[in-house]
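Protein sequence lines, in the order shown, are assigned to chains A and B.
When we follow our numbering, the leftmost residue of the first sequence carries the number 1, and every step to the right adds one.
When we follow our numbering, the leftmost residue of the second sequence carries the number 1, and every step to the right adds one.
What the hints contain is simulated information worked out from the structure, not anything from laboratory work.
Any given hint could turn out to be false.
Unchecked claim - Only some residues are given here: those of chain A computed to face chain B with a beta carbon under 8 Å:
| no. | residue |
| --- | --- |
| 1 | T29 |
| 2 | D35 |
| 3 | E50 |
Virtual Cβ for every residue (Gly too), placed ideally from N, Cα, C.
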Amino acid sequence: MARKARHSDLQRNIIDFCRLLRDREMLVTPSEVIDAIRTADAVDITDRQEFKTALRSVLTAKPEDIALHDATFDEFWRGRLQELIQERGEDGVATQDDEAQGEDMPQPQVAEGDDSEASEDEEGMDMPLYSPVEVLATRDFSCFVPDEMQEIARAIMLVARRLATRESRRYRSTQRGHAIDLRRTMRRNIKYGGTVVELARKKRKIRKPKIVLICDVSRSMDTYSKFLLQFIYALQNTLGRVESFVFSTRLTRVTDYFKSSDIYTALDRIAREVPDWSGGTRIGESLKTFNAEWALRTVNKHTIVLIMSDGLDTGDASVLEHEMEQIQRRAARVIWLNPLLGNDDYRPLARGMSAALPHVNLFASAHNLASLQSLGKHLAL
Amino acid sequence: MLPQIAEIQRQLEGQHYVTDRAIATTIYLAMTLRKPVLIEGQAGVGKTEIAKVLAAALDTDLIRLQCYEGLDANSALYEWNYPKQMLHIRLEEAVGEKHDIRQQEAEIFSEPYLLKRPLLNAITREDKAPVLLIDEVDRADEEFEAFLLEILSDFQVTIPELGTVHAKHRPYVVLTSNRTRELSDALKRRCLYLWIDYPDFDKEVRIIETKVEGINHLLAEQVAAFMQVVRRIRLSKTPGMAESLDWAMSLMALHADHLEPESVTETLGAILKDRDDVSRLAGARTDSIVGELTSLDEDGLRTSPPQIAQRVDKELVSR
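Looking at chain A on its own, in the form it has when it is part of the complex (with noise of 0.2 Å):
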């Protein structure tokens, strides 16, 4: 009777410290509560380090939660722990001897006595609560601190990368593979006098469109530039085929910056050799040089064009709509991407928005991660 009694201690100490974490935004389901309960009876738990790295172990699922349920773990066990065992002792149920209890606990992390509060703020310092990159998600670019960079680097080449894997409707034939090709197959099998000996498969192709990016670097677009180029540092990377040029009052070509392999090593290029960096804009005049210089070779019916500027433009507004015309005639899409359309209130009622927008044929927004992220299926052809 007593031993079930205990022993439902420990199984509802151990749903109160799943509770737990889950009130601190970690993602713990029902049947990791169940193994959790299996896990206390597979170890030693008068063993204090043992019994932390076996429910870590069980509960968490991304480096992100290790660091929360350690810290909630000291917290949560720190007097419950010994009693448990300490019962368990006194009824007589095997337990190491009392060095379990001299071995014990390491000074708690918080400080005694508060609860909440503190323990809180400390989370708040250093501690992710949930993947930062779900946070990150819709999070405007503009608030980001110098420090979330790298998270966010990261989490735009994530996204790159899926743009750039995504699979075609179209075959090629391969040599493993779903499908069986039919056509091949008859025809590579002719020389056995009609009979199938080999089989000609085929998959799907790998979409990997064509992409030329054009991303306007003034001074308005300050905020949202460094993520902007990023992005296109990512895609460069993993789609391959992608021209970049960046423009405030000029248009520069960009593209054999970014084949360096490194990151900051394009971006501080890019900022030493760009003339006008964070200048005025001039989007008509720079498309007008995009046209004249590089559309021939760069753009044809089967490449994508994103622009990503705010449409602030300083220059001749009607310039501006020829330039997206012809754009427009060549390539097989215009995207324009509007990092301000994320904010509710805008409209965009800028002089050179409103002459571009009739030759662009998706108007999105780009400041933050999501929105990128649902880019994605506009990059199909």
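Since the structure of chain A is provided, determine the placement of chain B on it from the hints.
Frame of chain A, contents of chain B only:
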């Protein structure tokens, strides 16, 4: 510590795998709870090695499924051996045997005509449970992940022509991922999770001493400390454990018994695999790191890499 966990740790070390309690505990749980283990970590921290060592320690077979983009159920599970089936039919025609069609069909859709791919192979072992290593699962696509989920929960496979195959012995499953993409929650929740970081100084020294025969203690420590510095510098390709070992062996081949600027420069290619990284670190910068490290004693080697790295990183940025 449970004696069983200590035993696992002992066995892993017996296979020359330097381990810690977190790893041993997770493996113990995987064996008791019979759940797959998902191991994540940077490239070169020994994720794949765990499966190999586990198989050796359990004295069982290792079946490996290397994932890649576009991996599909056919190449992971089973395929019918079409040419062989075709040949069989033609042979029967030639010999002139007349079988009834049903019998014929049963014949060519039987086990001898089945090509077992790793997953089917893993669940049809007769003698004992093998270790199934599903390597770099993040490289396969999401459909494959879903398919994997099905196999990992039931350990049974239905082959329409043969019926359902149940696992006689549930394999020990180890999945590894380099985190090039986030795996689905469903898959992660089904697994025990183990994150392996780059080893700390002491562990790295132990690994080097275990794996590189005849290396002296001082060189092992200096190599480890140098690697601790390099890993903290922002590079395009951060070197892993494999690189440390390669490098230690290269230095041994040059009969080095401690780090010297010349031998380090000559062998830098063993740890830096990217042209930009080499050009950033080679020369004066390497020399200064080596100079600083060789002036330190054991405690210094253990504690100072972070500061050295910080200084070098700052120099590189301001360059």
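Interface hint for E50/A, Cβ within 8 Å of any Cβ on chain B
holds, 6 Å
Interface hint compliance - D35/A to chain B, C-beta minimum distance less than 8 Å
Holds, about 6 Å.
Holds or violated: the hint that T29/A contacts chain B, with Cβ atoms closer than 8 Å.
holds, 5 Å
Hint check: no violations occur; every hint is consistent with the structure.
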